[in-house]
Structures are given as C-alpha cells and as structure tokens.
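J.: Residues per chain, in single letters:
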Amino acid sequence: MDPLIRVEGLKKLFPVRKGLHSMIFSRKAEYVHAVDGVSFTISKGEIFGLAGESGCGKTTTGRLLLRLVEPTEGSVYFEGEDIFSLSGRELMRKRREMQMIFQDPYKSLDPKKTVKDIINEPLSIHKIGKNRREKLEIIYEMLEAVKLTPPEDYLFKYPHELSGGERQRVAIARAIILKPKFIVADEPVSMLDVSIRASILDLMIELKDKFNLTYLYITHDLSVASYLCNKLAIMYLGKLVELGATLDLVKDPLHPYTKMLISAVPVPDPTYKREEIRIRGEVGNPINPPPGCRFHPRCPFATDKCREIEPDFNEVKDGHFVACHLFQS
Amino acid sequence: MSLLEVNNLKTYFYTLRGVVRAVDGISFHIDEGMAFGLAGESGCGKSTTALSIMGLIKDPGKIVDGEIVFEGEDLLKKTKEELNQIRWKKISMIFQGAMNAFNPVHRVGDQIVEAILYHENISREEAWEKAEKLLEMVGIDPSRAKNYPHEFSGGMKQRAMIAMALSCNPKLVIADEPTTALDVIVQKQVLDLMKELQKKLKLSIMLISHDLSVIAQMCDSVAIMYAGKIVEYADAISLFKEPQHPYSKGLINSFPNILNPGKKPESIPGQPPSLINPPPGCRFHPRCPFATDKCREVEPHLVNIGNKHFVACHLIGG
Amino acid sequence: MNLVSTQLKKAESIEISPFKEKLHLLGRSIKEFWKLYRRSKIGLIGLGMLLFFVAVALTAPLISPYDPWQRKTGEPFSGPSKEHPLGTDDMGRDILSQIIWGTRISLLVGFIASLSATLIGVTVGMISGYFGGTIDNILMGLTDIILILPTIPLMIVIAAYLGQSIWNLALVIAIVSWPSTARIVRSQTLSLKEEAFVEAARSIGAGHIRIIVSHILPNVLPIILANTVLRMVGAIISEAGLSFLGLGDPTHQSWGMILYYAQVAGGFIRGAWWWIVTPGVCITLVGVSLTFIGYALDEIINPRLRQR
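Residue numbers (my numbering), protein chains in the order written: chain A, 1 to 329; chain B, 1001 to 1318; chain C, 2001 to 2308.
Honestly, the hints are just simulated from the structure, not real lab data.
Treat the hints loosely; a few may be bogus.
[Claimed, not checked] Straight line, CA to CA, 27 angstroms or less: simulated DSSO-like cross-link-like pairs of lysine-lysine: (1) Lys1130(B) <-> Lys1202(B); (2) Lys1294(B) <-> Lys1264(B); (3) Lys1010(B) <-> Lys1078(B); (4) Lys208(A) <-> Lys1264(B); (5) Lys1133(B) <-> Lys1078(B); (6) Lys127(A) <-> Lys2022(C); (7) Lys273(A) <-> Lys1202(B); (8) Lys305(A) <-> Lys273(A); (9) Lys1146(B) <-> Lys1130(B); (10) Lys157(A) <-> Lys2082(C); (11) Lys1058(B) <-> Lys1195(B); (12) Lys317(A) <-> Lys305(A); (13) Lys1058(B) <-> Lys273(A); (14) Lys2031(C) <-> Lys157(A); (15) Lys273(A) <-> Lys1080(B); (16) Lys1090(B) <-> Lys1080(B); (17) Lys2022(C) <-> Lys147(A); (18) Lys2193(C) <-> Lys11(A); (19) Lys1195(B) <-> Lys1241(B); (20) Lys1264(B) <-> Lys44(A); (21) Lys1263(B) <-> Lys259(A); (22) Lys127(A) <-> Lys2193(C); (23) Lys1146(B) <-> Lys273(A).
[As the list claims (entries may be wrong)] Which stretches of chain A does chain C cover? Using the computed rule of at least three CB atoms under 8 angstroms from a CB of chain C, they are: (24) 102-109; (25) 125-138.
Don't be surprised by glycine CBs; every beta carbon is placed ideally from N, CA and C.
Bound-form chain A, shown alone (with noise of 0.2 angstroms):
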C-alpha cells in the first residue's frame, strides 16, 4: 500500500518553566521529552492506533503530524511533501487535506457557535462553496452523513443543546467537510458512555470507506484499539517500543512492556483467569528519562546492555518492529 504519511525521526521537546530557586542555582535548561525520535509510516486507507499511558507522548505526536506544533527536529511527509518546509499559504492548502477530532466534544466546540456555524467555519475559510446556497449543500451533507437526521433539526443549535453522541458527531462533520485525506483521532470516545462509543467507531470507519480517509487514532484503550486499527505502535516515554498488524500484536507482544500493558487491560469476563504479569515501579520521568532502553528500569529481563544501550528499532517479524536488545539479531 502507498505509503500517506512517512515520520521521521520525529522529536519534541518542551522547555520546562523554572522556579526562582532552579533559575539561581543551576544553568542548565531542562526539557520534557514528550516526543523523543519517533518513526513511522501509515499507509493510505488504514487505520493506524497509536497507544500508550497519560504522558508518553502519543497526543504530541498527533499535534506534530498536523503541524499544530512545531517540532524540534525531523520531518514529517505527507504525500512525500515534509509538512514542516511549507509556507503559510501552502501550509493552508495542505490544512484542507488534514484534520483533527478532538476528545472532548464538550470543548472542541465553540459554546457560541451553532452547529451550521461550526461545520461552516473549515468552508469560510477555505472559501468552498460560491453562494450560501451551495455552502448549506454541503452543510446539509455532511449532517446527513455523520447521521444528524434531519439536519434541520440540528443546524440552529448550540453545542449545549446536544449529546455528547451528537457533539462528537458534529466535530466529526466539522473534520470532514473539507474532504481531508488524513485525519487525527485523538481519543474521540473516552468521554462519551459506553453504550453509544460503538456507534461512533462504526461512524468512523463508515466515513473511511465513504471518503477515502486514513487515521490515526491516538488512545489509552487498547480494547477498542484491538477491534478499530489495522496497525498499533506502542509508545513509552516518547518512544515507540513496539509496532505491528494489530492481532499480530495483541496476540503476540514481543517488548516486554507491551506484554505487561496488554496484561493490564481489564476483561469484561469474570471467569477469564490471565497468565499474572507482575508489574514493577511506575512510568519514568520524561524530564530526566532513564538511559539506555526507557523501560529498563521496570522490566523484568533487563541486562546491563538494556542500561546502557538505546535499542533500536528493528523488524523482526515481517512488519512487526520493537524496540528491545532481547529481540536484536
């Protein structure tokens, strides 16, 4: 498959604020790893998971994607084009192609806005559409297809007016309408309840097929990452430890820490008894993260080689990558 979006040795880092007393005493600037040399590949058409705890980078990594921040260093292409090296009006056009669902539809919204003006918003700016007509065509498509039946029901409401469903389905229009290419699903169902979520992960893949469209969906849920992508990374401390075809991976972690996550996640089976994982200490420090592999430090193989020395970044199946010295030929 044509590759859409290549990353390349992606890095972001924020530069922590300092109190009076760090400020007097030591000269050093100190930075968050957020995002520490990250590359990846998604191909046109898939659904790409990236996964991981609170704080390992994966949200950042999105941003980064569609340029919502600027990176520290490397380079991120889109169709071959880096996204970095663009200029305003360029970076404009290349907006229209790539877009962002947020997760929280109770703030990704704009309290004051109705929804026709929020779905509007992408074609005012991208001047689609001749006359106010041809705009609420488009506007009433768009409702029609992310199923805000019917849409003149919706379009003169506020965000306060409507279900976490139903706003997270607006965001959803507002994302396609400009027909992107490429979008960013940034936990688009955590806050909602339970019992609709599927409903707006069948959306989501009705829409791919619908318009052609490839994801990334970034999420902490890795049972709703195991029925939704295609592929998975796993991310630890700014770094991808693992990345493969999804069953490939759930069935079979490699890196010991995707073991011990997947370990984690809760069943909804009562009677289902798992092979015990013990799980030692806690997530590292991104400001002073531990050297060698990241992990080392919680990982109950760990060598004095995984102490010292980053492990790279290996296939070691057909499409099936890790981090870890374990699996180093």
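Here the structure of chain A is known, so what remains is to put chains B and C in place on it, guided by the hints.
T.: Same frame as chain A, but now just chains B and C:
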C-alpha cells in the same frame, strides 16, 4: 448474613426544574467479605446510591423512602452522632478522582494521622506509626509518609487514599470509580491491591463503575442500574455469561474485548432518559428493540428467574 | 414564520438571508437570557430603577417644568413648594428641572466612559493575552502603571490638561478605568486560547484575526458585560466627583455640576438641603440600580453562582 441490606431506597433531588428521581426504589445486599459491583452509565444513579449509604446526600437531595440496614440496624433511623460513629469507622468510601482529595500543603502521613485521630483515642505517635503501617500495607514505602501529595504519582495517591479509607478498620469500603482517572497498568495495580486487601482483611467492597470489565474482574455479585433502577442483579458469572435484560446485554456487548479483537462492539441506540420525566412503563423501552405495548405502560419488577438471578423485564420470566 | 424556534425547514434555511438568520438567533438568545434574568428579583428591581432614569433622561424636554437655566422662576433659596417641588437655587432657578436635565448628562457620560473603557480594555486584554511575549509585556506594563497611579489625582491632572467638556470627562474616566478590564480580559483570553475549540479552529486553518474575533471575543463578552455595567457606577460617581471639584463642563448641568454650583453659591452654608441632597440621592439610586443589574448578570454568566 448480609452486612449491608438496601431495601427500596429512593433518593430524590428537588430542583427548580423538577424532581430528579436519581435513585428510585432499588434493593440489594452485600454479604460479609464479598465484593458487590454496581454498574451503569453516567447519570444512572450509582454514585447517588453510594452517597445515600454514606449519609452524604446534601440539599436539595433527600432520601424519601427505604431502608439501609447495616449489621441489622437501619441507618436511616439513627441520629447524626450515631451515624458518625458508624460511617467512616465501619463504612468508608474512596471517591471518584480521590487522588485530588489530598490537601497539597500537608504531608500525606499527617493527613492520614488526622483521619485516625478523628475516630480513635490514641496518641499522635501511635497514629503516625499506624499511618506508616497502613502505607506499607498498600505497597508504599513507609518513609514516604513524610512526603507531600505532589511528590506522589497518581497511582500512589490512590493507594494512599485506600490506606486512609482503611485507617479505622472498616467492614465495608465503598469505592466510587476508584480507577477511572488512572492508566491501565496503574489501574491493574490498584485493583489487585484492593482484591488482596479484601481477602486479607475480610472486607466487603461495593465497587461502583461504568466499566463492566473492571467490575467483572473484581466482583462476586453485580447489579446493573439504568435510570435510577436496578434492571438486573445476579452473581457475576451468570450475569456476564447469561445476561437477560436487553440493557445488560447491550451494555456488555458494547465493550470491546482485547481477547477477542474481531468481535464488533454494539451500541445501544438513543440516549439515557431524563430522570425528571422518565418514560412510563419500563424506563428502557424507548431504546429497547423488543419493547411491546406492555413495556410502554406497565413497570416491570425484579423477578427471580432462578439461582438468585433477578431481572426486571416483561419479556423474561413471565 | 416563527423566528424564535430551533427549527427552520430546509428550504427556509437555505433561502433565509444571513441577516435574518442572525436575527433569528439573536431573538432566541434574548428570549433565553430573559428567562434566566427574570428569576432574579434584584435584577428586576435594578432594571426598573434604571429604566425610570433612562425615561427621565429621554423625556427631559417634555417633563421638566422650567428651563433649567432660567433665572428668577421663584424666590432664590426657597425650599420645596408646589411651584418648585425641589426648591430653587441662589438665582431662583428650578432644581427639579436641573436634576431632570442633569440625568441626561450624568447617564450619558457614565455610559460613554464605561463603554470606551471596555472597548480599550477588551482590545488591549485580548491582544496581550493572545499574542503574549513582548507585546504582552509592554501592554501589561502600561496597564500596571495606570493601575498603580492614584486614580483621583491622575484624573484631575488629565482633566485639567484636556479642558472642560463632557466628552473630555468621559475620556478621562475611560483612560483611568480600562486597565482592570484589560486584566480580566487578558486572563480570560489566556485560558480560552488553550481551549480545544481554539485548537480545532487552528487545525482547520483559521488565522489569528479569525480566532480572536470569531472565537475568543464572543466568549469573553458575556464575562465583561457585568463588569461594564458595574464600571458605569464608577464612571457616574467619578463624573460627579470631577464636576464637584470644578473640572466639569459649565455649559451642561450634570448632577455633579449641580453639587458644584451648590457649593460655590453657598448652598451648603445656607442650609439649602434640597439643593444638595437630591443630586446625591439620584447618584446613589442609579448606582444601586446598576449594581443590582450587574449582580444579576454576574449570577447568570457565572454558573457557579447560579444555584437553585
């Protein structure tokens, strides 16, 4: 014998817009040393149930009917002083987002000591020793009692919260979404800890969660709540293996399962109803694919369909 | 067509003009707003009082019994009587008429001053909060300087420098009172610009101007509304104060000017209480009414206060 028995509990909120029937006649019991799970979506009344048991319902809310029998005595008939003795000493609660319940300007150990001293007549030194023991029990190095809350990670704060809840050796711990804000690995650690302590201290646990997976892994018996009512109530295995009520089935089916990634999660159409004007008959009927005229008019009651599996649905058990 | 419903038929919503659409939405918001406002007793009392003064100001030529400048309408320094309900001044001019005409000036100066202060404050606050960095440092430095300087002497100096006219008075009051608004707006903007909906707007390609005007401003305005109303109280009192000190506009009779003349012409010494008390009462009443309204608005806008 049941440690806690709730009978026909009704807790209403008298707001400007009308009476919110948050909890509308629910009954369940928790046996000694058992874990009971109360599951349901946001706004179904599960937290209100917990607060009612704890006596923490505030104006404009009011418990209008029912009994809360703890160790054979109805808590609703007790005076405030008597209740204070029972609550926290015998029943304690871990709140949703409890990690933020610590006061940032006091050391964690001191805050646990305060909680102990409030209920027990011992010296400060003894209390501090006890606090250290409690922290050790929940897997925190006792020397960290001297730390301030911001020096703890989210998981450690939640552990410390559990330590605090256990400070007076309660018989029942009510945990309201104890792990919702935590990452999966930390969640697993906290749940494992709760399970371990339950066995060790012969605690009863009432676990409230929207996450059926968490309930499945923790609880012996489970009640599913919908719009202020219990729709199904059984032991965990039969409820998860043979759910009867269409809502329970729908809710269980809406969860993806990492062990079975190919299984498509199903959503339940529509929205939970308003608790001010709940639908007549069965409250689930507007979203139920099997609803009949009877469901629209007559309210179903919980019926034992065998083996203490209770279901409130006209389609099941005649 | 019912303009105040949520629904418009497809055909209607396509045919309807943008202007009518705005009207439709405005109608709905006003209706919703009124539904909330109506619940506040204090707000209704305040609004009633304010409307009374506004009506007086608007109908001044019709209801005032005499020309406020006309001398010898009665005996000088005569107390309240049938002909002169609020008595007369040292030249026999009717005080009731002066108060009625003064309402116009006092309200107008207060209104213009608070509106201009809000305008400056909102602009400075939004630019400062949104762009941050050097712009923020410069603008906030300026704001802090004005905040730190003692208000009354500052106003006196500027007013004396600019000369006496009601427009200058409004300007002086605006100059010293915008900084607090700018502070509030800046902090609001700082938090709003981190909101997900602002990031969403950026991700669809919205520029700075669009984000400021179309997303941040509408969310800042309601918070500023109560502030503006309360600022009017301060402005009206400041106007009275400045006029009383002799820095007012001698060609217009505001409540403050009435007090000034009373003082200059010996109204205080001769015990002409009707000359002194009435403008004071008027200033107080308008102040109270605006405070009530501001309180009610605050209650509506700040949801934490809107309980029960």
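J.: For each hint, tell me whether it holds in the structure or not.
T.: Against the structure, the hints come out as follows:
no.	hint	verdict
1	Lys1130(B) <-> Lys1202(B)	holds, 19 angstroms
2	Lys1294(B) <-> Lys1264(B)	violated, 31 angstroms
3	Lys1010(B) <-> Lys1078(B)	holds, 17 angstroms
4	Lys208(A) <-> Lys1264(B)	holds, 17 angstroms
5	Lys1133(B) <-> Lys1078(B)	violated, 33 angstroms
6	Lys127(A) <-> Lys2022(C)	holds, 21 angstroms
7	Lys273(A) <-> Lys1202(B)	holds, 22 angstroms
8	Lys305(A) <-> Lys273(A)	violated, 34 angstroms
9	Lys1146(B) <-> Lys1130(B)	holds, 14 angstroms
10	Lys157(A) <-> Lys2082(C)	violated, 59 angstroms
11	Lys1058(B) <-> Lys1195(B)	violated, 31 angstroms
12	Lys317(A) <-> Lys305(A)	holds, 22 angstroms
13	Lys1058(B) <-> Lys273(A)	violated, 42 angstroms
14	Lys2031(C) <-> Lys157(A)	holds, 15 angstroms
15	Lys273(A) <-> Lys1080(B)	violated, 44 angstroms
16	Lys1090(B) <-> Lys1080(B)	holds, 15 angstroms
17	Lys2022(C) <-> Lys147(A)	holds, 26 angstroms
18	Lys2193(C) <-> Lys11(A)	holds, 24 angstroms
19	Lys1195(B) <-> Lys1241(B)	holds, 22 angstroms
20	Lys1264(B) <-> Lys44(A)	holds, 23 angstroms
21	Lys1263(B) <-> Lys259(A)	holds, 21 angstroms
22	Lys127(A) <-> Lys2193(C)	holds, 24 angstroms
23	Lys1146(B) <-> Lys273(A)	violated, 38 angstroms
24	102-109	holds (count 6)
25	125-138	holds (count 6)
Of the numbered hints given earlier, the model fails hints 2, 5, 8, 10, 11, 13, 15, 23; all others are met.
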